[in-house]
Each structure stands twice: as C-alpha cells, then as structure tokens.
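Undergrad: Using the hints provided, position chain B relative to the given structure of chain A.
Spelled out, the chains give:
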Amino acid sequence: MALSSAVVALVGWSLLPFVEFRPNRIVDGVQMRVWAAAGPWTWVLLATLLAGLASAFAPAAWRGRGVLGSAVASFVALLFALGFAATRLTPPGDSPVRVSIGAGAWIVSVGVAALWFQGSQSSGSSTWNWVAGTVGAAAVVAGFAFGGLAHLSLIIEYQTQKDTFWWLTYRHVLLTLGGTAIAAVIGVPLGIAAARTRFVRYTAIPAVSVIQTVPSLALFGLLMVPLAALGLPSIGTLPTLIALTLYALLPIVRNTFLGVTGVDAAVVDAGRGMGMSGAELLLRVELPLGLPLLLEGLRAALVLTVGIAAVMAIGGAQDLGTLVFTGFGEQATDLVLLGAIPMVVLSIFADQGMRALERGIVSPGIREKRSPS
Amino acid sequence: MITLESLTKRYGDHLAVDGLTLDVPEGEVAVLIGPSGCGKTTTLRMINRLIEPTSGRILIGGVDASTLKVEELRRGIGYVIQSVGLFPHLTVAENIATVPKMLGWKNDRTAARATELLDLVGLDPTQYAGKYPRQLSGGEAQRVGVARALAADPPVLLMDEPFGAVDPLNRDRLQGEFARIQRELRKTVIFVTHDVDEAIRLADRIALMRDGKLQQYDVPEALLDHPGNKFVHDFVGADAALKRLGRVRVDSVMRHTVPVTASSDAAAVELATCSPERFVYLTDERGVLAGWIDCRVLERGTPPTDAATRVDWREAAVMPDTSLKEALSRMLALGYRLVAVVDAEGVLLGDVSLADVERTMESGDAHLATPVAAESAEEV
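First to last, the protein sequences are chains A and B.
Numbers 3 to 375, taken from the working numbering, label the letters of the first sequence in order.
Numbers 111 to 490, taken from the working numbering, label the letters of the second sequence in order.
The following block holds chain A by itself, in its conformation from the complex (with noise of 0.2 Å):
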C-alpha cells in the first residue's frame, strides 16, 4: 500500500507539470514541469518521496513511522516547492500574472496524503500522530509565512473572495448541522418505534429508503410542487434544509433501530426480570448500548449531508457548492477550488469529530478496541 502511494507521488512528480504559468485571469496557460519552476525544492521533494519508497521496504518494526516521517517530510517540500515556483513567476508589485497548481503537483499530494494516512494507521502511536500532525499545520502556517505560498492564483482567488468564502462556509456548516439535527431529532424516536412495533418498522424503514435512492436533484424538483402549492419559498434555504433532513434520516433511522435491537436478548431479559420499567430499559440499557451504532449513523448523515447541499446549491442554496458551480460557469478552476477543498476538510472534521464524540461517551466496558488496518 505504502508502496504504490510512493510510486503514485513520484509519477506525478516525473511525467506531469507541476505549476501551470498564466500572463493573466484570461489567456490559455503554460504548463511547467517540476524541476523548471520549484528550483532546489524540486530535489528536495524526490529525496523526501524517494525515502516514503525506500520506507515501504522498511522492517515491519519501522515501516510505520518510516512511512509517517517521510509523507510529512513530503508534505513541507511540496509546499515550498510550490511556493518557490509561485514566488519565481510573478513578478514583484501588483500583477495579473496567475500560478496555478498543476495536475502533477495534485497527484503528487494525492500520493503524500495516502502515505500519511498509511502512516498514521500503522504507526501504532497517537503521539507520533500528534507530531506529525502539528508539524504539519507549522509547515502550512510558515509557507504562508515565509515560502510564498501567498503567490499561488488558489491563494489569490481567496483574498478577492474572503468574505464571501467564509459566509459561505458558515452556510454550509449551518445547513450541514441543521438537516442533521432535525433528521435525529426525528429520526432517533422514529428508529426507537420501529424497535417497538412492527407497523413502524414496516413502515418507516422502507419509506426512509426509498427516500434515499431518489437524485438529489430530483428530490429537489419533487419538493417544488408541494412548497409551491403551500405558498413556501420553492428554492433556497428552506427545501435544502428539508432535503438534508430526508437524506440524514435513513442512516439515522436505521442506526437507532438496530442498536435498540441488536441488544443481547438476556440483558434485556434481566432488566426486564429486575423490574425496570419501558422507558428505563430504554434509557439505562438499550440506548447506551446502542449508542456506538446511533452514533455511527450520525456520522454517516453528516458525513452524507456536506455532499449533499453542496449539490442542493443549483437550486438556490448559498452555501460551498455555491462557489463551485460558479467556478464551473467561469471555468474558473481556482475557485471551484475554493469551494472544494473547504468541503473535503468539513468531511474531515465531522469524521473524526464524531468518533471523538464516541470516544468520550461510549462506556469502555463496550467501546472497540481500535485494531490496526
């Protein structure tokens, strides 16, 4: 694995261009390879990714942090390469000149990042994690600083559109959290009636998943006649929210029903025999023990909703998506950047924000060991 991610990464350092050279917004660009924009940083790069190769051949006692160390390694020299090439081609002063990253420095990120996260699985250590991590983040905060990563056109394009950018994001995170919510504030009793009855379980289950095969953007235009119909506001924030809402419920639905079933027959025999009543049964023993699974299902939803509104902005949403699609219609790749990037790192987040959650309030007499991939 570790392996082809190497490979992966020096493909694109090779054979592809790393920095595309524009004289201005409007005309067709020059592409450039690696080693004729990023100056000594070009050497620096292969000696890094060279090494993430040489680690996949490591003992397995080293491979881990091997493969760590040199994906992060990787990752501050194709910074700086990046910002030595953006800094080289624009001249000083106010200048309409555009630096772009090229496909071969995309693919060589793609590679560094699947050898970090290789990396950080098989490590074995939170606190080579935590290094890597926080080393990371400084060689993002110095190329800014001092690598002239400022001069990339991605960069550019965000200082033009700061304000907008960061009123979007909160949209995005707004409606992301919004549909979620509503979607387990109903979805949570809904999957607990369908543990109880069997006529919610035949209902609800199926209806929740037919639901989720129908096209975000058909659900979209389904919900127009309704709204319509009620007087509402047929495009824009109201029917993304209830869009998001439809689309969390099934993972959440689901999750909640089969953590209230999935509880040993016995436990539940034995409080039932130790006098607790319906709702204690529910609150003392099958949520908690459900709860890894009701959780998971709301990592899902929100994991599944970022996607989702991101598309919702054709039909009127302000939110990333919005960035995106506008990009698209100027073919304007650094601001599709601009919206994309931003709504891979709020997947991130929630990922991981989710199962930090679980790591806090599971109790550990049911928690999973986390086992090494």
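Do not rely on the hints blindly, as some may be mistaken.
Straight-line alpha carbon distances no greater than 20 Å define the calculated EDC-like cross-link-like pairs of lysine to aspartate or glutamate that follow [to be verified]:
hint : chain 1 : residue 1 : chain 2 : residue 2
1    : B       : K216      : B       : E226
2    : B       : K179      : A       : D271
3    : A       : K164      : A       : E332
4    : B       : K435      : B       : E387
5    : B       : K323      : B       : D128
6    : B       : K340      : B       : D394
7    : B       : K211      : B       : E226
8    : B       : K435      : B       : E226
9    : B       : K435      : B       : D314
10   : B       : K179      : A       : E282
11   : B       : K211      : A       : D271
12   : B       : K216      : A       : E332
13   : B       : K241      : A       : E282
14   : B       : K211      : A       : E370
15   : B       : K435      : B       : E425
16   : B       : K216      : B       : E182
Cβ pair distances, simulated, as ranges [to be verified]:
hint : chain 1 : residue 1 : chain 2 : residue 2 : range
17   : B       : G129      : A       : R357      : 54 to 60 Å
18   : A       : P191      : B       : G147      : 36 to 42 Å
19   : B       : G240      : A       : P191      : 32 to 38 Å
20   : B       : G338      : A       : P366      : 51 to 57 Å
21   : B       : E455      : A       : A268      : 45 to 51 Å
22   : B       : K211      : A       : T205      : 51 to 57 Å
23   : B       : G147      : A       : P217      : 51 to 57 Å
24   : B       : D229      : A       : R203      : 51 to 57 Å
In case anyone wonders, no lab produced these hints; they're calculated from the structure.
Yeah, the Cβ is synthetic: ideal placement off N, Cα and C, and Gly gets one too.
TA: For chain B alone, coordinates are given in the frame of chain A:
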C-alpha cells in the same frame, strides 16, 4: 412463602403448565426439575410475571402477585438466569447497584452494599468492583449475577439454570458457594434445573414436572427412596444410593490427618516409602497442595527424582463442601482411590478415599448426613 394455586399457562391448544399447585415454605430451596419442555421455566417466569398465567393464582407472602404493579413485584424478587445477562456497559459495582438505584437508595449505602455482596460471593471488591463484564470469566460473571439479584435483599430468589453454562469444575464450586450463601441468608428460592445431581445437592424440596404437570413434590430423600411413579423412578435414576451421595458433604466423612511433606523431593520419597500408606502429599511452604508421591510408581522403576506428581489443586482436589458424588467422579477422573481436600486457598486439609464413599453408601443412612448436620460438625 410462595404458593402456586392451580397455575396454568396455555399457548393455543398446548398446555405449557397444567394446574400446578405448590407451596414453598419460607427459607427453603424448591428445585423445579424435569425434561426440557416440561414447563419448569414457564412456571418460574410466571412468578415474576415475565409470563402472565392463563389461570390460577400466585401468592407471595400471602399477597396475590397479580394485584401488585409488575415493576414493584419484580424489584422484590431476585432473578438469576443461565446467560447471566449482566449489563456490558456498566461496571460490576454498577451492575449490582441496578435495583438499589431504582429503589432510590443513597449512593454510599449502595456502594457499601456492592462491596458486601462481592465479598459474599467470593470476589475481592477492590479487584472486581471496577471491572466490566467482558473482563470476567463465566464463573465470575455468574457470581456477579447472583450478587446483583441479592442487591436489594429480596426475600425471594428465582434462579433459572444459573450454573448451566459454566464448566463442571466451576459448577461444583458455585453450587458449594450457593449452598453456603443460602445457609447464611435463608432466602426462599425457586431454582430451575435439568440436572438431577444439582437438584439433589441443593434442594430442600424437589418438584419433578412432566408435560406441564407436577409428578412429585417432596424432600430429595423421599423422592429417591419412594418415587411416586415410574417416570419419577426413571428420572432420578435406578441407583438411589449413588444419587444420595450428592447430599453428603466431603467434610462429613473426610480423613483429617494425612501423610504430608513440604520438604525436598528426595526426603519426601523417603517418607513415602516408609509410610504405611505408601503415599504422601506434597505441599508448598504455606501448606498449599502441590502434588503427591505414590510408591507404586517407584516399584515400576521410575527414578525417585521423577516420582512426584505435580498437580494444580484447583483441578486435582475437592473442597469440604463438595458433595461425595463429585468427589467420587474426581477420583475416577484422576484414576486414584483418594482425592485431596483443600480449602479455598488450596491449603491441604485431608482426603477422602473410595472406601469412605462405599461405607457411606452401604450405611444406608447417608441421607442423615445432610448439609445441616455437616455444618454443625464444621463449627466444632
């Protein structure tokens, strides 16, 4: 204390329990036994109303169970099941605290009670209170299950094959501990099992059931000596004398003085060869059974240095409260005419021989050596 009056449970055309009438005196253990499907578990679950009877009445301490709120009824009855059913997300102490918490006990009282009960069931509270169920062995989990059932000191205990899922060695130990706890607490217990030996060992009275009907309800000795019909006779087994051994405790017949040495193996061999038994026990410096030397091994040409048989006392010895029947099967398993008797820490106390067992069987009054008689002997 518990009276069942014409208790009946019907599922469609099938009568799971058919007009069962039974009276369990306060402080006694009544064992419901019979082949699977005879209605014993259904009967048990009707007493705490996990199953509602089709007809008939259940009186607990003179109160009709159907007049109480079902949660209230169950909180006053300890309940132990074969699969234990500990709450996996709660610690051992929290599991034991379940009913006290529902009854609104103060925290310090609940905690003190949990400590007391862990001591009672033979688990060190400092070591076990904070553990989670998945960290326990089967035998430890069932001890916690019993402690949890006793938490709010209910007068009545329902036990559904509580030792059915543990291995034979642990089952023997758990049965012995249950008998000890019961002598101390004097609960009114209804105990379901399909194991005749377990019933004979633990019961004050045995209710033998078949197809939902009561076949015979009597003290174990009467069931063994005067089976009411052929089914009872076949079920308890042909050799009543052998079965009766299940009610005799090892300490009522054991030999208290045995040849023993804690010294080096060479000296032990010397002693063994000289002793009239031609057999000597080995212990460590604390007196814990470590093995034995049998001179017949030396006669077969084994060098004295290899003569010692090293054993784990947990497997090769019995305890004073073990039944003679279990001691006999341990002898057969080990292939010796003797089995060592040790205390809970493994300290050698004496032994029991096949001859002792035979003498008990032949005396014909083995049933007189009930646990109660044995208890007074123990206190001397």
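Undergrad: All hints, please: hold or fail.
TA: Cross-check of the supplied hints:
1. B:K216 - B:E226: Roughly 16 Å separates the two Cα atoms, so the pair holds.
2. B:K179 - A:D271: 18 Å, holds
3. A:K164 - A:E332: 18 Å, holds
4. B:K435 - B:E387: At roughly 24 Å apart (the allowed maximum being 20 Å), B:E387 and B:K435 break the hint.
5. B:K323 - B:D128: At roughly 5 Å apart (the allowed maximum being 20 Å), B:D128 and B:K323 satisfy the hint.
6. B:K340 - B:D394: Roughly 52 Å separates the two Cα atoms, so the pair is violated.
7. B:K211 - B:E226: The hint holds at about 16 Å.
8. B:K435 - B:E226: The hint is violated at about 32 Å.
9. B:K435 - B:D314: 18 Å, holds
10. B:K179 - A:E282: Given that 20 Å is the threshold and the Cα spacing comes to 15 Å, the pair holds.
11. B:K211 - A:D271: It holds: about 18 Å lies between the C-alpha atoms, which stays within 20 Å.
12. B:K216 - A:E332: 70 Å, violated
13. B:K241 - A:E282: 23 Å, violated
14. B:K211 - A:E370: Not satisfied, since the Cα-Cα distance of roughly 28 Å exceeds 20 Å.
15. B:K435 - B:E425: 16 Å, holds
16. B:K216 - B:E182: 19 Å, holds
17. B:G129 - A:R357: 54 to 60 Å: The hint (54 to 60 Å, Cβ to Cβ) holds, given that B:G129 and A:R357 are roughly 59 Å apart.
18. A:P191 - B:G147: 36 to 42 Å: 40 Å, holds
19. B:G240 - A:P191: 32 to 38 Å: 34 Å, holds
20. B:G338 - A:P366: 51 to 57 Å: 54 Å, holds
21. B:E455 - A:A268: 45 to 51 Å: For B:E455 and A:A268 the Cβ distance comes to about 33 Å; the hint is violated.
22. B:K211 - A:T205: 51 to 57 Å: 37 Å, violated
23. B:G147 - A:P217: 51 to 57 Å: Holds, at about 54 Å.
24. B:D229 - A:R203: 51 to 57 Å: 46 Å, violated
In terms of the numbered hints stated before, the structure departs from hints 4, 6, 8, 12, 13, 14, 21, 22 and 24, listed from lowest to highest.
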